[in-house]
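Turn these sequences into a full structure, and let the hints steer you where they fit.
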Amino acid sequence: MAFPVPGSEVFTQRGLASREAVLAALPDSLELHQHDPSFDELDALTAEVVRHRLWATTERMGQALNRMSGSLVVTDCNDIGVVITNEIGDVVQVGPYSLSLATSIDLAIRWILEHRGPSGIRDGDMFLCNDPWIGGAIHQNDVAVIAPIFHDGKLFAWTASMAHQIDLGGASPGSWTPRAEDVFMESLPTPPVRIVRNFEIQDDVEDVYLRRSRMPKVVALDLRAKIGANRVGRERVLELVERYGADTVKATMARQLDDAEAKLRAKLALAPDGTWTASSFQEQSHTGDRNLHEVRCTLTKTGTEMHFDFTGTSPEAGMINCTYAGLHGALVAGIIMNLGHDIPWATGGMWRAITVTSEPGTLNNADFPAAVGKASVAASFCTINVVEECLSKMTDGSEGLHDHTTAKGCGTWDLCVLAGLDGAGQPFATMLTDAMGAGCGAGVDRDGTDSGGILSIPMGRMPDVEMMEFSAPILYLWRREETDTGGAGRYRGGVTASLAIIPHNTEVPMGQVVSGSGKAVSQNTGLAGGYPGNTQLDIAVREGELARVFAEGRIPAAVEEMGGTTEILSCEEETVLGPRDVHVMLWQGGGGYGDPVSRDPGLVVHDVAELRVSPQAAHDIYGVVLVDGELDEAGTTARREQIKNERREKAVAAR
Amino acid sequence: MVYVLGIDVGGTFTDAVAADLDGNLYSAKAPSTPPDFGQGVLDSIDALSASMGVSTAELLGQTSYIAHGTTSTLNALVTGAVATTGFITTKGHRDAIFIMNIEGRYAGKGAEEIQAVKRTRKPKALVPKRQVKEAVERIDLNGSVVVTLDEEALRADVRDLLEQGVTSIAVSLLWSFRNPSHEHRVREIIEEMAPEVFVVLSSDISPRIREYPRSVTTLLNAQVGPMLRDYLAPLQAELENRGLEGPLLIMQGSGGTIAAAEAPKVAITTIGSVLTGGVAGARKLGSQLGHENIISTDIGGTTFLVGMVVDGEPVMESSTVLDQYRISTPMAKVATIGSGGGAIASLDANNNLHVGPRSAGAKPGPACFGMGGEEPTVTDANLVLGILNPDYFLGGAKTLDVEKARAAIATHIGDPLGLSVEDAAAAIFEIQNAQTADLVRTEVVGAGFDPRDFMIYAFGGSGPIHCAAYGRDLRSQGILVPLGPTSSTFSAYGLANADVLVTAERSDPMALPADPARLTKHLQELEAEVREQLEAQGLTYKEIRTSREADVRYTAQIWEVPTPIPDGELTEESVRGIVDAFEDRYSTLYGSGTGFADAGVQAITYRVYGVGVLPYKPDLPQAAEAQSHSPEVKTHRRAMLDARAGWQQVAVYAYTALAAGHVLEGPAIIEAPSTTVVVPGGATATVDRLGNVVITYREEKNHGVPGSGL
Amino acid sequence: MSTQARSISSNARQDDAGALWCTHCQGALEGTADDYLEHLPAYVGAATEGGPRIYADASAWIDSKVVFRQSYCPHCWTAFHSEVVPA
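Line by line, the protein sequences give chains G, X and Y. According to my numbering, the first sequence is numbered sequentially starting from 1. According to my numbering, the second sequence is numbered sequentially starting from 656. According to my numbering, the third sequence is numbered sequentially starting from 1366.
Accuracy of the hints is not assured; some may be wrong.
Take a look, some chain G residues computed to stay more than 12 Å from chain X by CB distance [stated by the list, open to error]: (1) A21; (2) G120; (3) L188; (4) R212; (5) S279; (6) D309; (7) V356; (8) G361; (9) K393; (10) T575; (11) G578; (12) P579; (13) E649; (14) K650; (15) V652.
Selected chain Y positions facing chain G (Cβ under 7 Å, derived; list incomplete) [said to hold, decoys possible]: (16) S1372; (17) D1399; (18) R1418; (19) A1425; (20) D1428; (21) H1446; (22) S1447.
These aren't lab readings, by the way, just hints derived from the structure by calculation. Quick caveat: nothing in here was measured; it's all calculated off a predicted structure. Every residue, glycine too, gets a C-beta built ideally from N, C-alpha and C.
Shown next as structure tokens:
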């Protein structure tokens, strides 16, 4: 159980310290290069050139990290983060990868300044950190490498690269422990340590880091990838300094932060003042739990400011918690997605228009040593969900921002980690990352993208089936889009996909971790009358008869065609995938927007032809009648009238 | 045979170049004639023969071959005028082409579009789902058959496709590159049932791991193959009818050509047909001038194309993105952005200045064209800055309206920012230069090269205006503006110089160092395959060259690095050499110390390029020698060629009055009939022996980044 | 109806005096901009009415009951809100 740990307080960040507070804590030996507000030589042209180059630099850092990494979750999902910050860690540019991960780095840099400043922050240092209480990591699998950039002996800026690591120890393979009662059963959180000094990897520190992993070689390769990506960032920033001068580059950074703030405020000015609420749920906090846990958010918008109040959120429980860093990153990720399409991704500026209330000890603001190994896709993901929903409700009532409105897309991650021995007796561990292919929420004038991705990772990907089969001893019976998984609406949520895999070329049972919520309650909520998308579902078929089915020349397309017995898997469990078992997973589609009865019947007919909507759902929910695949106009008019009559008959007056 | 012809079809003009054995070059243009571009090709040849003073029959009768860059394939895809196509894949995997590995939502999009994450969309589906059939069959990663092909079910599916009216069928089954037997059987069955249907197998067109891009490549090829066939067959017949004796060759995206009769089978390789002419021209010109490493930059009205030549060969990439779909066919790496002379300058809500990516295009065009364009463009800025001569644009073919340009810049940029028109124009000019430098840098550095090792070649109407700026920014060795007799038809000249290029590849993932015999066997079989392909073209070559490479990575990495493999029988030592070459290349790409040999090294895909060297390559002729060292100044005018130098009195030269050996110092402007060359202060322009203008800087040093080692 | 009508959501509008009405049929709605949804007639049914791919049996995972809830404009019966939530 999670008892308080005296002495752990120093590692807990809850909120972003002000510049004054940061400066007050710094030793005299560390000189900062700061923006001089009286500097007025910045012209529009230089600012634009430098701004453009900062963006290009983060993209290039992400590319370098991706190309060098050895993990599918990095290379084929882009579950990474890259950022450039100013000298005190205010994020000036976020790369288009995992947003919540990248945007929590400011907390970690503030911590490094305060706690590593006294022992010296020097040119050529890089800090490794995977401590979710400090930041730069949402859960321990996220490892950040953070590099100060010095110019002329002064700390000028920071660059950081982060990526999800496939395994960093703990009780279960993949470092995801469904039975974890506290963080001590999980991967060890490491506060910022100098993994690189004087531009050289410190082998002793690296050994301490790698020793915990079941996959140390892959983790070592990824460590070098992050160091390499930071080097790209450092070189490019210094090139800018050399070319345009340190004061000019710093003034551009300041302007980027001001811009982000000003543009966010300008948008907020367009929305009506008001209060909006949303809830997102996690079923089962750990193996054996049967409760429902809630993250609740109330957004109050006044003038050009937003206050997010998470009061009412459930107490921390099991292993589905996140720390304040998870809340912090998720909140600003939601803002970027919903409002940030034409605002610089300088979250340091956005924060100036945002305040937060959250109680320590709750699901998305957990105390040490609560278990947080699932944080990024548990309480932190729920936080993104409620922030997105509140913002969409706000913009749905705003004429100037109406097109910023979307229903929720997939609101959870369907996890399957497999570990065992392949046919050659070699150990492997892999995470199925196919669930990146989730459905997107509908907009006010467009359907959600089918199998379009989890948008908090804007450049998320999924691997080819052949790459998965090459990486692990498994064979896919199918990976396909699923009819009726997009929420019904005037604009339809994007449909999602499912897969079925069997062990292949191995007779050794595999250890398996299955995790994911949204199985009983929808997290992919609809909006303005639109329906939610499907619920998630993980199924094990035990002792299937695939050998016989294959020999008969068939490939099953449904669980009923596999033989064996069917088992509905819980939200958090560790199990074994036997050599004759089948694992089937269905993740989430997007929510719909508006009443489905008002959807253009022609679009429904097209959806049926493209297998996105079944004829049954077309009839029952959309009120669209098809005859031989063609629209029956009279039938449709009658059916829609009937649906409205049924509503009138069945509805009860408000309490 | 006396002549070699290059014909390049553009959106507006079809360019033709003829070269004879005496080193004479002729060029001509005719309007392009969409949708039947073939007529424009024939017209351009008529125009060419007229300019040479011979009849078309005489010209064609003495032509050893025609190299043709065609937009046919690209147009078919862009306009959707493709064959009705069925797609057959493995049961359970129909949706791979719809799921697009998610990346289809943003692939090929620019930073600003990706940032608008909730507005990103997938493109229109390539085919409706009813035209996709799932074959009951399964092969695994080792090539073993897990489920045998259900032929009866397949026949029913093919019958249904035929009833739907498909005229071509693409087949892409899982792991077919390891064992193509099921794909072969599917083709046999289709051919039995409908011999007229155009069939494409993934194991033929792209035998490479990763089913999504492989399936897209196969499907697109099946969609455009019949269209290309229907375009080329009548064109070739008509050319022969008019007297053509030699073959018609089609340019591919790889920078090499292929015989017209063979092209439809690999139609997808011709999508980059017209993009690569410039790279081919740069390569040829470079070989004549001794430039091995060239960055080829082509800035036209709406687009900016960047390609590279390294060690005398175009830089290739193993896949490309078209309309957000990933296509796995090796092509010359040519990056395109919408940042040409017509790129529009605008302010956002916070008064930040942006240039592009929106373009005024050909219509309405820049404000100064006076064709109704109201928004300021890069061309308008260049006019205001005195760089462009309003009375000598395109050699005087068009008069530019300075007042309209000034008004557009004042209204949209200058007034809101409180800047004078001149300062606002300077800002647009500098941003365009910086963006261009950034794109070039991203491309060059991203491919693992250092721009300081390159010459920059700049062509297209706007390239020579901006090249001195981005060339200095990139610290290149020098900047060359091709201005010989083919200056306005440089791409067509490139076509006339292309060789025949074919590729063959296959995947067989294995750990390195591996059994040299197993590797050698793959490579020799691939070499035999490319030789066969070269034979099939029906051409006589001066020489056939092959080169080998493997896609290599550290174990568990997903992205590979193409690594050269030596010729001949491999030994244990030469296989170790492949690992070393990979590690070298890797540390060049990502920095020393980023590799991690302990993870192990794997080779995934093997590839052989075959080049059939054609017997005759037209060189550019020598330009006239200068009689005096100093060229004659046409006039002087005030202009701003560099924001740091500001407005200056600038010497203006007429290119037509320059001769080989002339040297002129910046600040200067050279007005050529097809373009304008900017020579800023501090730079020197020299006219080389072929009539090109070469710009170098007097005091540029290479400054590395201090303390960047790791 | 005032000409100063402003949007509350895509389903409801409000004038300066605070009066609310349905965007689709112009019928008057009760309550305020913040709570009008709570004043609408509503229906509560089985979770599966929220879509054919909503899993029917929440008790596979949790003890709470899960329902489909939908609320409507009391005049034109357009759905203003649809959700699958704990009862």
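*Hints not upheld, ascending by number*: none
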